[in-house]
Amino acid sequence: MSTQHPVELAELVTHAREGDPAAQDALISAHLPLVYNVVGRALNGSVDVDDVVQDTMLRALDGLAGLREPGSFRSWLVAIAMNRVRRHWQDRQAAPGGVEEADRAPDPGADFVDLTVLRLQLS
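Residue numbers (the numbering used here): 80 to 202.
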């Protein structure tokens with residue numbers, strides 16, 4: 080991405096903003112490695128990296144009309160990525176339980192097994 084001239088980037092953003100699919104594809108393709116790098120490091124290689132990257136790119140495309148300075152697309156995109164990472168962590172902290180908590184929960188089948196063994200012994 081560092082080889083792209085700022086004027087070329089601004090033109091690409093302008094065309095993408097106008098709905099040009101080729102410009103949108105080029106913009107996303109050129110910046111996808113950057114977003115993967117930022118999100119991957121921020122989430123420490125979590126399995127959710129792909130989801131957060133996809134959400135970031137969709138939000139960027141949907142929000143192009145709100146970008147005031149097309150030449151600042153890169154920093155704007157990184158800000159979106161970091162906001163999505165923050166949101167991901169907030170959602171994870173707010174979610175009740177998780178896989179770790181489910182592993183610690185008592186096995187509901189254990190009660191049935193214990194009761195069955197007890198009944199057989201009483202019979």
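Be careful, since some hints might not be right.
[To be verified] Label-pair restraints from in silico Cβ distances:
{"no.": "1", "residue 1": "Leu140", "residue 2": "Asn116", "range": "15 to 23 Å"}
{"no.": "2", "residue 1": "Met161", "residue 2": "Leu199", "range": "53 to 61 Å"}
{"no.": "3", "residue 1": "Trp168", "residue 2": "Gln200", "range": "46 to 54 Å"}
{"no.": "4", "residue 1": "Ala158", "residue 2": "Val126", "range": "30 to 38 Å"}
{"no.": "5", "residue 1": "Pro175", "residue 2": "Ala101", "range": "19 to 27 Å"}
{"no.": "6", "residue 1": "Leu111", "residue 2": "Ser151", "range": "41 to 49 Å"}
{"no.": "7", "residue 1": "Ala173", "residue 2": "Leu137", "range": "31 to 39 Å"}
Treat the hints as calculated values from the structure; they're not laboratory data. Virtual Cβ for every residue (Gly too), placed ideally from N, Cα, C.
Look at the Cβ atoms of Leu140 and Asn116 and judge whether their distance stays inside 15 to 23 Å.
holds, 19 Å
May I ask you to test the hint 30 to 38 Å on the CB atoms belonging to Ala158 and Val126?
violated, 24 Å
How does the Cβ-Cβ distance of Ala173 and Leu137 compare with 31 to 39 Å: does it lie in that range?
Once the Cβ atoms are compared, 22 Å apart, the range 31 to 39 Å for Leu137 and Ala173 is violated.
If you check the beta carbons of Pro175 and Ala101, does the distance land in 19 to 27 Å?
Roughly 45 Å apart at Cβ, these two residues miss the hinted range, so it is violated.
Is it true that the C-beta distance of Met161 to Leu199 lies inside 53 to 61 Å, as the hint says?
holds, 60 Å
Is 41 to 49 Å respected by the C-beta to C-beta distance linking Leu111 and Ser151?
violated, 18 Å
Is the hinted range of 46 to 54 Å satisfied by the C-beta distance from Trp168 to Gln200?
Roughly 51 Å apart at Cβ, these two residues keep to the hinted range, so it holds.
Violated hints, listed in ascending order, are 4, 5, 6 and 7; each of the other numbered hints is respected by the structure.
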